[in-house]
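Participant: Here's the letter readout for the chains.
4 protein chains.
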Amino acid sequence: MRMFQNDYSEDAASEILVALCAANFEQRIGYTEGDPHCEEVRKLIREACEDPTADVEFRIGGTSTNIVALNGLLKDWEGIICTPDVHIAVHETGALVAVGRTVLPTHDKDGFLSPEEAERVSHFQTSTDQRMAKPGAVYIINTTELGGVWTKQRFDAICDWADEHQLPVFLDEARLASASAAPSNDLTLPHIAKRCTAFYLGGTKNGMLCGEALVINDPKLKEAFPYLIKERDKFLAKGRLLGVQFERTFMPEDTEPLWFPYTCQANDCAIKMRESLIEEGYKPYGDSNFNQQFFVVTSKQAEASAEACGCETFYTLKGGRQVIRFVTSWATTESNVDEVLTFAKQVIA
Amino acid sequence: MRMFQNDYSEDAASEILVALCAANFEQRIGYTEGDPHCEEVRKLIREACEDPTADVEFRIGGTSTNIVALNGLLKDWEGIICTPDVHIAVHETGALVAVGRTVLPTHDKDGFLSPEEAERVSHFQTSTDQRMAKPGAVYIINTTELGGVWTKQRFDAICDWADEHQLPVFLDEARLASASAAPSNDLTLPHIAKRCTAFYLGGTKNGMLCGEALVINDPKLKEAFPYLIKERDKFLAKGRLLGVQFERTFMPEDTEPLWFPYTCQANDCAIKMRESLIEEGYKPYGDSNFNQQFFVVTSKQAEASAEACGCETFYTLKGGRQVIRFVTSWATTESNVDEVLTFAKQVIA
Amino acid sequence: MRMFQNDYSEDAASEILVALCAANFEQRIGYTEGDPHCEEVRKLIREACEDPTADVEFRIGGTSTNIVALNGLLKDWEGIICTPDVHIAVHETGALVAVGRTVLPTHDKDGFLSPEEAERVSHFQTSTDQRMAKPGAVYIINTTELGGVWTKQRFDAICDWADEHQLPVFLDEARLASASAAPSNDLTLPHIAKRCTAFYLGGTKNGMLCGEALVINDPKLKEAFPYLIKERDKFLAKGRLLGVQFERTFMPEDTEPLWFPYTCQANDCAIKMRESLIEEGYKPYGDSNFNQQFFVVTSKQAEASAEACGCETFYTLKGGRQVIRFVTSWATTESNVDEVLTFAKQVIA
Amino acid sequence: MRMFQNDYSEDAASEILVALCAANFEQRIGYTEGDPHCEEVRKLIREACEDPTADVEFRIGGTSTNIVALNGLLKDWEGIICTPDVHIAVHETGALVAVGRTVLPTHDKDGFLSPEEAERVSHFQTSTDQRMAKPGAVYIINTTELGGVWTKQRFDAICDWADEHQLPVFLDEARLASASAAPSNDLTLPHIAKRCTAFYLGGTKNGMLCGEALVINDPKLKEAFPYLIKERDKFLAKGRLLGVQFERTFMPEDTEPLWFPYTCQANDCAIKMRESLIEEGYKPYGDSNFNQQFFVVTSKQAEASAEACGCETFYTLKGGRQVIRFVTSWATTESNVDEVLTFAKQVIA
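Residue numbers (numbering that gives the first Met the number 0), protein chains in the order written: chain A, 0 to 348; chain B, 0 to 348; chain C, 0 to 348; chain D, 0 to 348.
Hints were generated in silico from the structure; no laboratory data involved. Any given hint could turn out to be false.
No distinction is drawn between identical chains; accordingly, a pair holds when it is met within one copy or between any pair of copies.
Pairs of lysine to aspartate or glutamate residues, derived as EDC-like cross-links and limited to a Cα-Cα distance of at most 16 Å, are as follows [unchecked claim]:
id, residue 1, residue 2
1, Lys282, Glu39
2, Lys133, Glu118
3, Lys74, Glu222
4, Lys108, Glu302
5, Lys271, Glu333
6, Lys219, Asp109
7, Lys299, Glu46
8, Lys151, Asp185
9, Lys299, Asp155
10, Lys133, Glu222
11, Lys299, Asp109
12, Lys151, Glu14
13, Lys42, Asp109
14, Lys271, Asp162
15, Lys317, Glu338
16, Lys108, Glu49
17, Lys344, Glu9
18, Lys42, Asp54
All chains, please: the whole structure from these sequences, using the hints.
Facilitator: Here you go:
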């Protein structure tokens, strides 16, 4: 059976692979600088964001983009306000700490950073002069780690709070495509670009071999970034690899970026799976309507699902029941979903 | 005209691209761990090195591999002895310094680290108790930055010196294929593996999209590496991308690793170019017999060569004459070389 | 009125000052190495600890000692398990993060690190391979931030847990004198030295101008420390300043180290203050029987106490009542306490 | 015999000790903030420098001051241009590297940083885009490591160069008193304050137990410093210790700061020693006219001088002759110099 463990279990969408083959023998300068594919993508992304003065930079993955950008946004003694469940606070803690910046997690439990909690953390960290890491930026992620989609209202609220405190807002959009394609989405790229100091459009989780495109609006980060990617991260020598993939995704003759079809495929499969599993008696956890679906199951069912479909357990609830996650991708097909349903019927019986 | 600026100006050899397409839809766990392609390469490299207990890890490029490995080999207060021209001492200084390790360059001028200079630096750095960065490892690179190939005798001499001082030896082999294919080469992989604490086999400069394979013999570095790649470097989520490429390069049904044909193509073109340019009156700099060729030209010729063939200027000699570099790759053809000759005749006329 | 804000509000006890004047014109080598005063103290501390092979090093203050020692004990990617209220987790977070080490706070609320909470944090941090900061040591502090004194039983329990997990135990004893002199204390220096990888005896908070003496039992930390104090901390050029002070404190002709009289003076004053304030109707917070005393007061009383006696507010309880702290020192006299009582009567009336 | 190894071999001048005793029982807030002694010194130093808007901060020693200030002046990827002999390039390399900043030494051989060499290094480091540590500040030291005194002309030349390149100038004046009292000195504090971004007045080497006073003119460093001293260096809890000592040194009822008498004592002794040793046939190295005197001797004489007077060997010249250093201090007396002469006569005979 196809695995539903993650959205980077397959390599690249066919369109992307073909574009790579087509550009393979062009000779180009390395490191994303000065090659026509990267330059073209920069132009396309600036247009899509209605953000003509932004810098657009490319990194191979999310952690890479997060750490380099946050390192550039934060001063040496500053920390980043975020919810306690995000990657930089849990799985990447070491990486941000390794560059000397502090994670300042709130108590938000739903994955959305609230102005109230940001205020509480900010107040605490600035209450004893210069003895504590000073809040230096706000980090949010869309979709959230729990699959939540930020609404414009919620997004504006935290941006307003950050503005009042003169803090930059960094938006991790490794799953931007998923968020954009969600039915409840009312956030546009131009609005995001208008309010965020920096944010990135994720390619790795949306049909590319690898690649994230960071949009930078802050003059200091624009200056710092080219240095930091050499010092604190590493160059991909054949950097046009990133440009070619993003170029194909954003190709201008399409009416919309190519990633929407990928995402819609993933979302359609996910929603079909959700509805069918609920019909079979599975209890959903949260109300996700896109490519990450969570269900509450027994520990025995969790074990069986892990083995058969690669599902990961996210939480153990009180009483021992477990929250498992199914992830679909651009490569998931309807027949893959049918297989899951057949399996689920047996497990629940 | 084809550019001769670098050996990473084209993307990937056709065989590599085809292998990537073939493996594209296999579902795999991320991050190089546990996928069959990476595991297969690990086995093949251990066999080729006759080093059955080595760990084999994958990184996307040379700087990445250097920094993570040296960070793991050196203690917090230690430095690395190397020649003054190497990447980690010049172009990557910031990256090693950024993780808190010190570069300790010798005065060697030919690109080869000598035991005499290593001894001088070591003696100076340990002469005032604990006030100076202590030498903690030796870094050598094959081929050298100037295109020199290490002989077994020279290599054993610096390894002997390091052994006497109980210092680990780290060998950067981003251009291992070129070095191995050089007529003067008498260093074998098993001998390298026997004497080096860690070394890597470069893929980026030998027909792959990206990728270096690090061979680790030190128990402490084996323990540290998996942590350091998350903390100090970044994962490539779709890590099998590296495994698939190396697997194709090392495929067992071949009598020798696939990279030799690539390298021989590059070397043959380079030697043909060298001989023809010398015939035309060009003055060679050094006696390289592989894919990097250096010539002494006037500044006007250097400028013309930069524009026409992408040649970089490496040194300005006393009197103003300049040393320029031509680099061939697996993608260079005989007709590309012919074009260079036509151009060179005009420039020298 | 005398302030009760901290135990470092006065400079040095008279005996210490006199010792400094007496040794002032002796010529000595700098940096604590090789001068007879520092060497004598090393001998005295090893004897007092019954720990003949320990290294004894000197630093100017607690943060300095904590950061250098933890940096030496922890690997690059490791973190330190501690309670959430300790200095390294709150006021010094930036300092530990700045050297790239992670703080791993438990949920313990009483200031004592429990094996259960240590186990929970340890399990969580090691649950996803090498993606999270690995627990590398245990940090405890005596007396705790809330003024608690570790009993032998409690201390052995956390040491046993650490032993089972092969984790070093680091004990911050900036307030060792207070803890040792507490009536409930049953922890001896030899027992501490036997079980801790490293710990320090605080001078700054016990009658010295400055100075902490670190006892090191770990071979790796013994090797690292002399390098780390230059690299990560800074030398006091006239290092015998620390030796002379500690020597006077530990002078062998005394039946017990000089710090006990200092501490007893502080504790006696504190207990007299506690009893009298309770009599006046003040509600104590916790049951401290030494130089830090906590009381629950109204916010108005807290404000008045801050202004009159320098009391700091430690917590705001639900409902708005506040926990304030009175700190006595070797320089506090009975008449100082009488002044506080007079003031307290007025405030409570 | 008295040692001539360093100018911090004695503790404190009597006037300083008496001032410390006098202020000992005053209760003060810690960490140099808000106590009247530190505030008074800040005022006195601003007046002496005619620099009314400067911030004045205190650190315990030179390395501490250098590292914290340079960390604040330099961006993460920047380096510091300096001569190759200075402490931060040799004995403290590890400390600057440990905070991730790069040392960029010139080839100047006389201890004075020249605009020509600064230009050469700057040009090299900025020649390949963002691949190398970018020059971010200029570091000079007065007196130089070889005992040279900066003239106004030389000082202005390097400041002019730095201005043209918009680089801040950092002046290490750990030996400011010696430099100021040198007969050839024509640099005034107000002129230094006008041209330097930051500089410090050294106390440790001029009769204090410890202490350096940093004068900051840069708004960014003013903001950063209070954070950096907690994060990257350490507080001295009883910070007024520094204030009291500097206050006594700068006491307003004196016609000139107290340090001139100390320095004059040291310089007079040094010059007497120089003249007498030359008369005895000793060959001076350089033309120092203050408290550091260098002589060329045989290796046997160097050994005897090290044993008898604590002289350090600074260089071994070609042919094996050695340059040794005699250092006088505020505590050196004429009879100490007479002892040296008696010894020198025997050694040279």
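Participant: Compare the structure with each hint and give your call.
Facilitator: Verification of the hints:
no.: 1; hint: Lys282 <-> Glu39; in the structure: neither (46 Å within a copy, 41 Å between copies)
no.: 2; hint: Lys133 <-> Glu118; in the structure: within (13 Å within a copy, 30 Å between copies)
no.: 3; hint: Lys74 <-> Glu222; in the structure: both (14 Å within a copy, 11 Å between copies)
no.: 4; hint: Lys108 <-> Glu302; in the structure: neither (26 Å within a copy, 35 Å between copies)
no.: 5; hint: Lys271 <-> Glu333; in the structure: within (8 Å within a copy, 57 Å between copies)
no.: 6; hint: Lys219 <-> Asp109; in the structure: neither (32 Å within a copy, 38 Å between copies)
no.: 7; hint: Lys299 <-> Glu46; in the structure: neither (50 Å within a copy, 42 Å between copies)
no.: 8; hint: Lys151 <-> Asp185; in the structure: within (6 Å within a copy, 60 Å between copies)
no.: 9; hint: Lys299 <-> Asp155; in the structure: neither (42 Å within a copy, 39 Å between copies)
no.: 10; hint: Lys133 <-> Glu222; in the structure: between (23 Å within a copy, 12 Å between copies)
no.: 11; hint: Lys299 <-> Asp109; in the structure: neither (26 Å within a copy, 38 Å between copies)
no.: 12; hint: Lys151 <-> Glu14; in the structure: neither (32 Å within a copy, 48 Å between copies)
no.: 13; hint: Lys42 <-> Asp109; in the structure: neither (36 Å within a copy, 45 Å between copies)
no.: 14; hint: Lys271 <-> Asp162; in the structure: neither (40 Å within a copy, 52 Å between copies)
no.: 15; hint: Lys317 <-> Glu338; in the structure: neither (30 Å within a copy, 54 Å between copies)
no.: 16; hint: Lys108 <-> Glu49; in the structure: neither (34 Å within a copy, 51 Å between copies)
no.: 17; hint: Lys344 <-> Glu9; in the structure: neither (26 Å within a copy, 51 Å between copies)
no.: 18; hint: Lys42 <-> Asp54; in the structure: within (10 Å within a copy, 43 Å between copies)
In summary, the structure is inconsistent with hints 1, 4, 6, 7, 9, 11, 12, 13, 14, 15, 16 and 17 from the numbered list given earlier, while agreeing with the others.
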